[in-house]
Structures are given as structure tokens and as C-alpha cells.
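**Student:** Sequence:
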Amino acid sequence: MNDIQKRFVEKATSSEILNVVELLDKASNSGKLVEVVYTAMETIKSNNFITIPLALQIACEDWDI
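Numbering of the sequence shown is given in the working numbering, commencing with residue 1 and proceeding in unit increments.
Treat the hints with care, since some could be wrong.
List of simulated lysine-lysine pairs, DSBU-like, C-alpha gap at most 30 Å [unchecked claim]:
| id | residue 1 | residue 2 |
| --- | --- | --- |
| 1 | Lys6 | Lys26 |
| 2 | Lys26 | Lys11 |
| 3 | Lys32 | Lys11 |
If you anchor each label on the Cβ, the simulated ranges turn out as follows [what the hints assert, rightly or not]:
| id | residue 1 | residue 2 | range |
| --- | --- | --- | --- |
| 4 | Arg7 | Gly31 | 18 to 24 Å |
| 5 | Met41 | Ala12 | 32 to 38 Å |
| 6 | Asp64 | Asp3 | 34 to 40 Å |
| 7 | Glu61 | Lys6 | 31 to 37 Å |
| 8 | Val21 | Asp64 | 27 to 33 Å |
| 9 | Trp63 | Met1 | 31 to 37 Å |
| 10 | Glu42 | Glu16 | 33 to 39 Å |
Rather than coming from a laboratory, the hints here were simulated on the basis of the structure.
Note that CB positions come from ideal geometry on N, CA and C, so glycine has one too.
Let's have the full structure, built from the sequences with the hints guiding it.
**Tutor:** Dropping the structure here:
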């Protein structure tokens, strides 16, 4: 297992990861997963201080999810 995988496994049950999973599930169920992920990445790219869950939440709101 590489370092990236180890760090993920350590956080796998954290509230942050569970929140990410919930937001991605909502996006997927609405048929807008790619749109939400792309929008979240663009948000993170323009603001390095934003968290992944917050970027996904904003993207979901932007796509009316």
C-alpha cells in the first residue's frame, strides 16, 4: 500500500470523507457527477484554502442539487 492509500485508509471513516461520499452520491444520483466534480475542482483551483467538502457543497448548489 502506498502513502496515498495509507492516508486515505486512515481517514476513511472520518466525517470529512463521509461528507464527500454523501455529496458525490447526491451528484451521481442527479446525473451530474462530472459537472459537480469539475466545478469543485475549478473552485479549489481558484481558492487554495477551500476544503474539498466545501467545494463539492458549493458545486452541488451551483448545479441545483
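**Student:** Of all the hints numbered above, which does this structure not satisfy? Sort the numbers upward.
**Tutor:** Those not satisfied are hints 4, 5, 8 and 10.
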